[in-house]
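Fit chain B to the given chain A structure using the hints.
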Amino acid sequence: MTQLSEPELKALMLSSLDGNEKAYRCLLNVLRLLLASYYGRRLGRSHAADVDDLVQETLLALHQRRITYDRTRPFTAWFYTIARHKLVDHHRRGGGRSMVGLEAIEDMADDYTEDAISAPADLERLLAALPQWQSEMIRQMRLEGQSVADTAASSGRSEAMVKVSIHRGIKAMAAKLRGERGEDG
Amino acid sequence: MAKTDDLIDRLVGELKPVPRGALGRMLSLAILPGFVVSAVLLFLAHGFRPDVAQALYQPAFWAKGIYPLALAITGLVAMMVVARPGGVPKMSGLTSLGIYLLLVGLGLWQLHVAASADYPRMIFGRSAWFCPFIITATALPVFAGNIWFLRRAAPTAPRLAGFVAGMSAGAVGAWIYSWGCIENGLTFVALWYTLGIVLMGVIGTLCGRRFLSW
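So the sequences go chain by chain: A and B. Following my numbering, the numbering of the first sequence begins with 1 at its first residue and continues without gaps. Following my numbering, the numbering of the second sequence begins with 1001 at its first residue and continues without gaps.
Just chain A, with the same shape it has in the complex (with noise of 0.2 Å):
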């Protein structure tokens, strides 16, 4: 993937305000697997089809709304706030079973909004702080997606152990993260 910082993404947006078409095009592209990837994580694999709904209506939402992005001001702000705006509509136009996750998203939003592009960085940085065998155990559960029958065999260990190995693992992660932000977070 792609992975463009702030600035590049916001010289892409000041370019394409000018009417650069290379540009608009290569900033749409990196802000579909930007988009991709935030809802993704949020609505889960089961909901592919949302995702993709939900990226082309952010992308059009942002062509059709550009007039708003104030040059002087962080790019990736402007655009997470654009998507989050997007997610919370999509949550309320389900129905009930919303409410626990408008208030999740609310949470997370702060965190998110400005740090989202650094996400995969920190990410690794906090699986590298932990033994390597837990840690390939929650590359393999979490992010490639393995069921716990497949990491219990391929790391030689009971499928119980894994549960808890896991378990553990993203406790240490959550509370290294939390001692990082000053025990606010």
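Simulated from the structure, these hints should not be mistaken for laboratory data. All residues carry an ideal CB built from backbone N, CA and C; glycine is no exception. Do not rely on the hints blindly, as some may be mistaken.
[Stated by the list, open to error] To be clear about the criterion: a stretch of chain B counts as covered by chain A if any three or more of its residues have a C-beta under 8 Å from a C-beta of chain A, and this derived list gives those stretches:
# : stretch
1 : 1017-1023
2 : 1077-1091
[Unchecked claim] Below are the EDC-like pairs computed for lysine to aspartate or glutamate, each with C-alpha atoms no more than 16 Å apart in a straight line:
#  : chain 1 : residue 1 : chain 2 : residue 2
3  : B       : K1003     : A       : D70
4  : B       : K1003     : A       : D50
5  : A       : K10       : A       : D50
6  : B       : K1003     : A       : D53
7  : B       : K1003     : A       : E57
8  : B       : K1016     : A       : D18
9  : A       : K22       : B       : E1014
10 : A       : K22       : B       : D1009
Coordinates of chain B only, in the frame set by chain A:
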């Protein structure tokens, strides 16, 4: 995924440059027709105050015009904030409150120096019962322009955006009406002008979800 490719092709094909300050220009463009319509309607239906030549020498006449004008300018600044994703115009809210309190202070001082026999005239005047409604009516064309503008912008809080659209349109309407209004009491302005503006704000809030969701 192929649909996303098509969409990107289409959007790139539709790309037109967005010059600096385009949002502000769009807001002026949105407000202007409503402003002209309201001013003409007020002139035809109500007329300018007959004693305008004498009124020019009264500080109350100026205070009455400056109050809604200051609110209208603050309101337009708030419109620019609320039009952007995640925008919450806190500063404009505080500024508006400050402007209102200043007017209340001046009004109380005006009552303090006036004879108590004048109180009914300065507080209720002759037009208290219809003043708020004229202001709301004068505000409606401007409000329509505000909504047109916000529908092309990206307000992420539709009710708040509707409220700001209503309040700022109300303030513009009150300013236009102040050219025709014959009252001189500042407490009158603080009560009935403000009521008209807030009424427009309430209408805007109620319209927000319906017109400003996207």
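Each hint tested on the structure:
1. Three residues within the 8 Å Cβ limit are the bar, and the stretch 1017-1023 of chain B against chain A gives 5, so the coverage statement holds.
2. Counting residues of the stretch 1077-1091 of chain B whose beta carbon lies closer than 8 Å to any beta carbon of chain A gives 4, which reaches the threshold of three, so the coverage claim holds.
3. Of the pairs offered as hints, the one joining B/K1003 and A/D70 is violated, with about 29 Å between alpha carbons and a cut-off of 16 Å exceeded.
4. Taking the CA atoms of B/K1003 and A/D50, the gap is about 13 Å. The hint holds against a cut of 16 Å.
5. Note on A/K10 and A/D50: the hinted pairing is violated, with a Cα-Cα distance of about 28 Å set against a maximum of 16 Å.
6. Under the criterion of a C-alpha separation no larger than 16 Å, the hint pairing B/K1003 with A/D53 is consistent with the structure, at around 9 Å.
7. Between B/K1003 and A/E57, the direct Cα distance comes to roughly 12 Å. Compliance with the 16 Å bound is thereby established for this hinted pair.
8. With a C-alpha separation of about 8 Å, the suggested pairing of B/K1016 with A/D18 holds against the 16 Å cut-off.
9. Distance hint between A/K22 and B/E1014 is fulfilled; the C-alpha atoms sit about 13 Å from each other, no more than 16 Å.
10. Under the criterion of a C-alpha separation no larger than 16 Å, the hint pairing A/K22 with B/D1009 is consistent with the structure, at around 11 Å.
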